[in-house]
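Visitor: The lines below spell out each chain.
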Amino acid sequence: MKFRRFAILVRQTSAWRGWPLAVAVVVLAVFPHVGGDFYVDLVLTTMILSIFALSLELLVGRTGLVSFGHAAFFGIAAYATALLSPSGAAPSHAWLLPAGVATAALAAAVIGAFCLRARGVYFIMVTLAFAQMTYFVFHDTKLAGGSDGLYLNVKPALTLDGITIVDLRNPRTFYYATLVLLVLVYAVLAAIGRSRFGHALAGIRANEQRMRAAGFSTYGYKLAAFTLAGALAGIAGFLHAVKDGFVSPEILAWHQSGAVLLMLILGGIGTLRGAVLGAFAFVLMKELFQSEALFGAFAKHWQLPLGLAVIACVALMPNGIVALPTQLRRFRAPLLNAG
Amino acid sequence: MDFAVFLVQCLNAVQYGLLLFLVASGLTLIFGILGVINLAHGSFYMIGAYLAYALAPLAAAHSGGGFPAALAIGVVLSIVFGYVLEWVFVSYLYEREHLQQVLMTYGLILVFEELRSIALGDDVHGVAVPEWLAGSVPLGGVMTYPVYRLFMSGVCLLVALALYAVIARTRVGMAIRAGATNREMAQALGVDIRLLYRIVFAAGVALAVFAGMLAAPVTSVYPGMGNQVLIVSFVVVVIGGIGSIRGALLASLLVGFVDTFGNVLVPQIAGVLVYVLMAAILLWRPEGLFRTG
Amino acid sequence: MKHRRNTLAAALVAGALCVATVGVHAQSKIKVGMMLPYTGTYAALGTAIENGFRLYVQQQGGKLGGREIEYFKVDDESEPSKAVDNMNKLIKRDNVDVVVGTVHSGVVMAMAKVARDTNTLLVIPNAGAEAVTGPMCAPNIFRSSFSNWQPGYAMGKVAGERGAKKVVTITWKYAAGDESVEGFKEGLKASGGEVVKDLTLPFPNVEFQALLTDIAATKPDVVYAFFAGGGAVKFVKDYAAAGLNRTIPLYGPGFLTDGTLEAQGASAQGMLTTLHYADGLDNAKDKAFRADYAKTYKVAPDVYAVQGYDAAQMLGAGLDAVKGDVSKRNELVAAMEKARIDSPRGAFTLSKAHNPVQDMYLRKVVGTENRFEGVAAKALADPARGCNM
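Protein chains in written order, with my numbering: chain A, 28 to 366; chain B, 16 to 308; chain C, 452 to 840.
Simulated from the structure, these hints should not be mistaken for lab results.
Errors might be hidden in some of the hints.
[Said to hold, decoys possible] Below, simulated PhoX-like cross-link-like pairs (lysine-lysine); rule was C-alpha separation at most 25 Å, straight line:
#, chain 1, residue 1, chain 2, residue 2
1, C, K540, A, K327
2, C, K540, A, K313
3, C, K789, C, K803
4, C, K524, A, K327
5, C, K514, C, K482
6, C, K738, C, K749
7, A, K169, C, K533
8, C, K533, A, K327
9, A, K313, C, K543
10, C, K670, C, K617
11, A, K169, C, K648
12, C, K616, C, K636
13, C, K636, A, K169
14, C, K774, C, K749
15, C, K636, A, K327
16, C, K648, C, K616
17, C, K779, A, K327
18, C, K514, C, K746
19, A, K313, C, K533
20, C, K670, C, K648
21, C, K524, A, K313
[To be verified] From the derived model, a few chain C residues whose C-beta atoms are all more than 10 Å from chain B:
#, residue
22, K480
23, E521
24, T571
25, M840
Predicted model, so just to flag it, every value in this text is computed and none were measured.
By construction, the Cβ of each residue, glycine as well, lies at the ideal position given by its N, Cα and C atoms.
The task is simple: from the sequences and hints, build the whole structure.
Guide: Here you go:
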């Protein structure tokens, strides 16, 4: 009897769908102890990009709103962090992080109010235009250092009564803080996915007219999603500013917005793990093609294989990496049945 | 500013606007008729400029007829290139969602940039203005206006008129207008949509390449020149209305004026003004100035 | 018995390994990371700098401080946004001993920040950002070129001496442009002249037409322009095409006409510029340098090549003093600080903030040469405002 119960327990545990995620978190947590400095930096950058991609997933994957200007909120939060941090002592990120996120959320609410009046391809264009607008505000005006960018003088730390609890100047601490935030954002988005709000958004994606007929004020829901996505992108922006201690207008450029859309489609639109996978896949591809060890002198033309890879991935794997097992199964099925 | 200077700045604005029109008209045709968001359109402009640089020795060798010959060669090459590109790549984009089109054409930008880098290098180049256009016309007391810029405006205007003539007065134009309004109906009525799409795409590419070749002496030839033009062209297309040539013309001139006078009067925010213009127009007319279909 | 023999053998092997490692270490190469623009409007400058650097090393038999040099290159594309990542590639991935770079002032500020944070030795062969020998100065940061203020100030003095009262400035809106114009204004102030308008456009835009029209409308005595590389070529040509060069003299720091005269042709003739280098300098080192450079690279050198050459000289002086042992950082730095660099531009020493103290020459464009006309400012030192060294 006991053995039977034990066997069932083992089967249930191994069938838990959360295993891949748990393993991933453990691997990321252990990495700084085994990887070289440069590669730990790379993973750190990718985790920040994952948060960015996750925030956009809420818009594109769940609500069906393709925004080509999401980098604007990433950048606004990063700049807010740099501008608000004082030049003397280390600012406490207890207020700096919320401040950055709030700025991004406010911008998202305002910009969203304008953009959401457009539909379909016009929506894509208008989000692009507003992102370009914010880019030029930071690039051309004296507001924040112009095209040369702006420096964060001192990185933030959380102090209580003079005792430093979390010092983000310490690279290790910063790495783990980022990991914690990544897990938090993932959890929040997963919870939203199961909530009434999340289901309403999914309904809007499927058929907006029907949702409106059913009595939902779709504009309000869309605006809420847009603002929330902007706020989450703000978390990534804050982390980016603190990581390098430097922000420049290029983080607002449409290339950045395009890159994050690419990450989503690479990983697989519609799933949270797709967003994270896509971010890692994108960064890995870039590093791979830039590697002089593999490509020698040709490595300086890394954008060529990257462009071809992008085209190939979008054409052949339109549902992304997460859908690869299903795609392969479908591919193999006729062969299995042939015999 | 006094009146004479104001007139000269208007000349500058019109010249920039007309050049923008060449690029935007191709984009609006591709966007409106084929329904494809083609981010690589800026790359065609860049290809045109580099083509002008590559063909410059040829142009210099035959002093009088060299430059028009180079332009003609460029146009022919680009039509062939556009035709082939549509056949092997773009035709697979019609059935896909906008996001996939955006990303695949984004990959195309990367490919074109690197191919250009491999073939012609990454340096910034100047292209010489042909001898017979190299003079300057005196305007007012102090300054002169380069003849070449006047030539550019003239040529762009001619192309605009030719485009109008083709679209409004020929059978091909009629088929294009029909395809833009209602694709399925046009197909049902016997228009060979596949061939039409190929022609329209090739024409769009040729317009952008031609614009790049024409602008090369004025803007210099440098990597990344396509990106700037791309975004502004999209803004023009959206302001003018997707698929409308008339809209593209009006919108390009509007953008030309806003940009030129913005750079002179309020240089700090000049970059933002164009987008503010777009936001304002979209608030007033959500589908652009002139809608089609 | 066996036990003692084994211990002896082990000791011998260990001893041999130690000697071998030390020996290997002494002969291993010094890793030099070159972070320069190899693409974009400043690509030609990046190449010239690298050529100059390599020429000096070659002249020393391929060694500095008795050790061979291993080069690592990164293209910074003159992009401040990628600067931190590019620096990290050289420092953390390639583990270089010294970084040499760059051209763009915005990029070099990010480089200086990373260099300070990681205590990496940085030698700057061009970028004149004042912050680097100002508030961000550090013992491990050196410059073999100039600060943006120096040529600007010299030109301002010259413009004032020639009677300019009403001036319009035009440049790209980034650190180098702003600082160059500020230097010019300071030099002009003494003579009572005034800058009535500051025109700018975003880097690296070259659509000057509307601004040229504005200049014509303002009718100044003189125009001061800062551009370099591809932008300089275009501006001088456009200025002439608008007919302005006949009525309003165009002044600028030497970057406006260095390495660009071939492309600028007739449009640049007669222009006056100030720089710490010129053609026709009467010193033996310059003549030898030019001959050697032309023989090796088949083109004439420009100020960027000289700066690259001097960066290698500076580094070499330091490495010679420590016999190639880069771990002796303090002695290395002290030697570099005290060095008197025998440069093709004329010998110079470094200020306390590690910027060259040098003569600024007045040059005139004649044919494809920036001919030496006189000394605009003697032994000019950058004020190094904000440096606490």
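Visitor: Confirm or reject each hint.
Guide: Now the hints, each set against the structure:
no.	hint	in the structure
1	C:K540 - A:K327	holds (14 Å)
2	C:K540 - A:K313	holds (14 Å)
3	C:K789 - C:K803	holds (10 Å)
4	C:K524 - A:K327	holds (11 Å)
5	C:K514 - C:K482	holds (12 Å)
6	C:K738 - C:K749	holds (15 Å)
7	A:K169 - C:K533	holds (21 Å)
8	C:K533 - A:K327	holds (15 Å)
9	A:K313 - C:K543	holds (18 Å)
10	C:K670 - C:K617	holds (9 Å)
11	A:K169 - C:K648	holds (17 Å)
12	C:K616 - C:K636	holds (12 Å)
13	C:K636 - A:K169	holds (20 Å)
14	C:K774 - C:K749	violated (33 Å)
15	C:K636 - A:K327	violated (42 Å)
16	C:K648 - C:K616	holds (12 Å)
17	C:K779 - A:K327	violated (35 Å)
18	C:K514 - C:K746	holds (20 Å)
19	A:K313 - C:K533	holds (14 Å)
20	C:K670 - C:K648	holds (11 Å)
21	C:K524 - A:K313	holds (18 Å)
22	K480	holds (29 Å)
23	E521	holds (25 Å)
24	T571	holds (27 Å)
25	M840	holds (36 Å)
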